[in-house]
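Residue-level listing of the chains:
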Amino acid sequence: MIAVCRLDQIEVEGGVAALVDGAAVAIFRTHDGNVYAMSNYDPCAQASVLARGIVGTRGDVPYVASPMHKQAFDLRTGQCLDDAAIRVPTYDVRVDDGLVLVGARQESP
Amino acid sequence: MSPHHRRTIVVVGHGMVSHRFVQAAVERGLTETHDIVVVGEEPRAAYDRVALTSFFEVGAEALSLLPDGAYDDPRVRLVLGVPVEAFDPETRSVLLADGEVITYDELVLATGAAPFVPPIPGHDLEGCFVYRTIEDLEAIRAAAGTATVGAVIGGGLLGLEAANALSQLGLETHVVEMAPRLMAVQVDDAGGATLTRHVERLGLSVHTGAMTERVLGEHRVTGLALKDAPAIAAEIVVFSAGIRPRDALARAAGLATAERGGVLVDERCRSSDPHVWAIGECAAPGGRMYGLVAPGYSMAEVVADALLGGPGTFTGADMSTKLKLMGVDVASFGDAFATTDGALELVYSDAVAGVYKKLVVSGDGTRLLGGVLVGDATAYGVLRPMVASGIPLPDNPEDLILPAGRGVPETSLPAEAQVCSCNDVTRAQIEAAVAEDGTCDGPACVTRCTRAGSTCGSCKPLVKRIVEDFYATQGRTVDRSICEHFPLTRQELFDVVAVHELRSFDQVVAAHGTGRGCEICKPAIASILASQLNGHVLEGQTRTLQDTNDAYLANIQRNGTYSVVPRIPGGEITPERLIVIGEVARDFELYTKITGGQRIDLLGARMEQLPAIWRRLVDAGFESGHAYGKSLRTVKSCVGSTWCRYGVQDSVQLAIDLELRYRGLRSPHKLKGGVSGCARECAEARGKDFGVIATERGWNLYVGGNGGATPAHAQLLAGDLDRETLLRYLDRYLMYYIRTADRLQRTAPWIDSLEGGLDRVREVVVDDALGLGSELEAAMARHVDTYFDEWQATLEDPDKLARFVSFVNAPGTPDPHITFRTERGQIAPAEPTGPVSLGSTIPVGAP
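Protein chains in written order, with this note's numbering: chain U, 32 to 140; chain R, 566 to 1412.
I should point out that these hints are in silico values taken from the structure, not numbers from a laboratory.
Hints may be right or wrong, so weigh each one.
[Claimed, not checked] Here are some chain R residues pointing at chain U (derived, C-beta under 8 Å):
#, residue
1, T1109
2, S1371
3, H1382
All figures in this text were calculated on a predicted structure; none of them were measured in a lab.
The beta carbon of each residue, even a glycine, is placed where N, CA and C say it ideally should be.
Next up, chain R with everything else stripped away, as it sits in the complex:
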């Protein structure tokens, strides 16, 4: 098969496990070679079914795992609201209910499970429901409006969730369970009894050991008839008596299924057809189905791995559970029922407080095998990994379940201990993430990057503890010193320079530093001095502080040449000026490209050519522009009300004014702006550090938008501003950022880092809560008043111009390392060939 032929994966179902599969496939690069089509029968994208009960409080949107309703990766197509009718392994095709036929190379079944409704008389009367989807909950809520009593058949985990939902809807609620206790699969008799007391205290009626014989009623439900017990009156009945794998499609296609249901798959999650895979509750690896989300996630990862040619296998799952039911913690882990030979039980029970804890330990008392926690499950985060990793019990294991002073018991987990069972993250992985060369700077970042704690959240306190303990062993608090030469943050450096009116690097290092600086502190101090003094970046000693781009007023490229990007404020340019740029590019043989900031990039200029290029531009009325440096880049605009039939304000004029106002402003990182003339937002202003969008009544100001590797949408700071107020807020916002941000911290993470976030920015900028407003405005006014064209100033100063030579002793000899080839009709850097020697025949002038 040609390597360029793209293959197709069809995924049937779009629940949590299907979503995880797509995520893994995209993250691991499967979509580089495969298109993915996901077909889900529910009308909405995957949502957090584990938290289904919170739907009544938070709504569907908060539960969604894909709030935009689509994947960012365009190679993933999501079809919603369409059931799959059948698939055919012979032709490798899937038939959708709307008639579409999709052929696949690989098929992944993620059809989940369906609630089991026992075939008792009356089970299909009006008023009978199941509890599985948002639509089920919407139907129950609608019916609850006219009802007063509800009954749930099934006292397991889901049944109690459903009972909680009915109770929240204001119904008098009964729980009917056939087994002698609630949550019979997870907890023992004593734990079940503790749980029953909690549930009854909340006003629910619990009937255990109760068999439902029939649902009473003619057309509508009127109650339940129980065996050997009085009937219960109820207008709503919810069946929650377990789930069954949805394997009908696989059966119809002739695939092998397990004895108790589910698509029979091997440990790669491959079915009896080599191109059909099954994951989650519809699958039965080794004949057993798993009704929890964590094993489903593991299966999703295994199949993604297999399709990439990896070796991953699914060999069973930890069925430990922790949940909060009606405000009551319940956890069950490991050998909860002490079935291991010789196992011993350690029990702590406090009937008054409603707490029951049981540890199951090995016969010799050295290892934890499992346990049950009801009423207080804070120890779960530590206990479950102790079971999984087999570490020895402490000398007094009862300490692990006795009431403790702090939230998470002290224990030292081995590095390979699984801390997050939902996402299989070990202590070692968490520590690696926050190590010196890791990617994370705290527990929240660890959860984002490793997923530890992102599913059920039960291990979050443990993740935090592990990170803090790890920092402690490293003697590390978070050190924000800028570098080895200054024990200060950028903000502190900014303040000492301002307060003590320091004017040079030598003064700053004499007052607060050691050594002679580095490539980190020198440009930062140059930027701070520039923000406060606005001198020429090449003046006196400041030149040697600058990064090469600032030192040569242009942007260095991979072969040591520079790019020149003439300033085109707001992206508006006359034909005459366009021609000038074209002529300059042609005469100096430069590569040209349109930039994303509405400018024209001229690349391939040798350092010694820069002054001559600027001369031509200056003579034609241009200045060069900052396409480099930590400074304002451009203010992008749409065409606005002058031309556009939708525009409501003149966005071009405002963009020009803003670019000219803030040009040359040195800042902690680059700054970009945008102005859109109407809500259609064609200037993409909300992707900028400051974005302005026209309204009928004025301008909305958005702040903290970033593109790049960590994109962020700008957030509304203030609305419907007149021009004067807009400028005032912008002046304050930018100066506040310049004064308080860390080095290389863009506006979005800066706002996140402030105590109070955007609200804090609003207090300072809009409400002037610190009384800093006029000072910030004055600082900006100084910048605006003292701005000058630094390229032209360089042309007028022979000392500065003297720097722009290829060789100090051979100014006329071009650097032989810089050579070009031709690509698509323009120059491009030639492949580097190592150090070049011109030989000793080149005449070199006397100094």
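Isolated chain U (complex conformation):
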């Protein structure tokens, strides 16, 4: 896993984009203290923008809404909540000593 930033560089309910092994990864921090990572590429809008979306909850599901056309993606799985056929790849992520570490891309379950 590689360190990409300090945790305090990500706002609560905000996101940042990082370059991980050449790929654009969006990293989010939720209100309950969790950190999630998924590809920054919004497959609906075909643009690298997800880190700039609004983070919220739908029921108990934490998600990010694409800033382009507002499709919602489950932060835990990358599953698009508005279209069962669409899923964004997620990445291993953890916080260690105040640093955010991103690891391998998850193959789809």
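Following the hints, complete the assembly by docking chain R onto the known chain U.
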């Protein structure tokens, strides 16, 4: 034929059916490939002939189906006041009376019908009229000025309309009908007798079974001679003895016609010439002509469909009728005369109240076949669809015609039941329109969108009932909660934030919500907080509430880049500043375009370039501008009295002042303004949320204008205001809107949604009926006093600037997904190619 070659459709006639054909053609895209030329002989555009009698009360304008006198679609040309002389199927050309020759690819005849005037002696004396056009009614009205008695020959539907018109004009009126009863085609003897009593109670004289032998008089009409009855004295005679299809053009061109008249057409409404079509009363599909508007509308749709290559056919029509004649309801539907084998009749009659109702049911009593209603036709809306859909009768069918407590009898129609016969709309279509994923939010919207109830209106109560019942089955009242996190409307949220002085999303959600918000409530709460606090949109927690445009103070584009639109108040700019904008665009390699709001759009800026672009603009004395966000965009102006020889006030100065006053104002939706220096309105101010137009004595203030998908003209709120009053009213109007509108509700629908509409706005803003005036003004004064340049403030704050990097761990590496191609000499986004990887060779800095 080349696909780019446009074809031409010529439509002869411009009545109701012709109008419907053009509407259908435009709506369904026929004008993408065809030009349409409509030639009408009447001096005015199509009007509602069904409501012709109301002409004396409401005038020609209210009857018009095309009040602007032209179609919005520029590919439709409307020629009025010019008869067609002939057409030639060989050369496919039409000759107009003014000599113009128009060639066609397809010809649609919609010439309608003409009143039938029986060839009795004296039929052409002065004082004889027919009843078909507005011009006919104008002539009758002119003649009625010097007359005291009128007679109508014909006691059918139109004859009674004409008699009503004469009676309204103050004439003693006679109705002369050859058949033994009035409205012989629609109602039975008992129904006719009930109708006669109604008509006589209104002071008219009815002569049934009376044959007119001749019209008396030398040059002018003096009366009617009847067979086997005393003569009637009258100075005006109106013939209303039926109509005949106007098929003379088709006959002259050698087309086949029906035995009893009318252009013979097949079920596609195509005549014996494959390029000539006929619709409405001039057509005879299968040899039969239809003298009602609804079948004509169906034929119009069928021909539009056929010209688009569709499969639609006209296979006959429901000849059911419902109308109000002299205040008396009359309806006839289905097998009204019980001609079906074994049919039974159920009759309810109340001679005192003047009500007669008859149901015709099948021999086994299970199905409704038809009926007649006189004096009370409220059940028509339910009964007619029962006939058409064949649903079983309820156990006590007499309940359907017995006097009932409520307006529309209870019944459950099947989904495919036709509710509106004029426009062929089923219950299923109405329910689909108001379903969750439908387009409508209530009965009025259903009528607009599906046309159900838009022609004769008889089904409107049923449409309303269907919508209400549907909502009830869904457990739905109209829920205006903003989202799942707050059980409140935007207005209620605004009020609780104000009353409890809430200062953050966390406070609002703790007090009134659940969960952690979403892309709907978060920007709305950010906007509400901004309206009340006017802090920086990126301050503290508010940043994560913002949509990306507010979060990055620029307007995101399809490839993830942003546009920057420097503020140019009122659209006025010096050459030096123009040069600065040009230099910035050149140095950052941005695409430039002039906007509709009198600004210059600079597109293609990467997020990390934004601060440097703002720096250049700020240093040159600009601020960036809101071309994004739910906030004031621009106040557009014309050049005004300084330069324009017509201008009466300095519109540029006022536009600059207004834009600077309201810039940065956060609102439920975007806000646009305009100021015109004279009544010529070159700034298009009435297309704006607030528009100001100069008068000799001051300024007129218009509100609620919107462009976009649902355009609306702004309406006059107050006239001839001095500058101080204008600002006061504007402050109040905008703050009242900000406080009470729904999220994403623009000013036009907001005004519509207020109880009382524009009058309500006037009460609050002009009359200060709520005593809110000074509070609204104070709120606006706070906004004006605390405004600051949010782009410059971002440049001065390292914490905020830290957000403007492509990658948190590689700030200097541009996002590889953003690439450009060249188009017309400028950059344009390259086609997206999917996720891009730079590979692992790119050096990435330590955090």
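Verification of the hints:
Annotation: interface hint on R:T1109 holds; nearest CB of chain U at approximately 4 Å, less than 8 Å. Interface restraint check for R:S1371: the shortest CB-CB distance to chain U comes to about 7 Å, inside 8 Å, so the restraint holds. At its closest, the beta carbon of R:H1382 sits 4 Å from a beta carbon of chain U; the interface hint therefore holds under the 8 Å criterion.
In summary, this structure violates none of the numbered hints.
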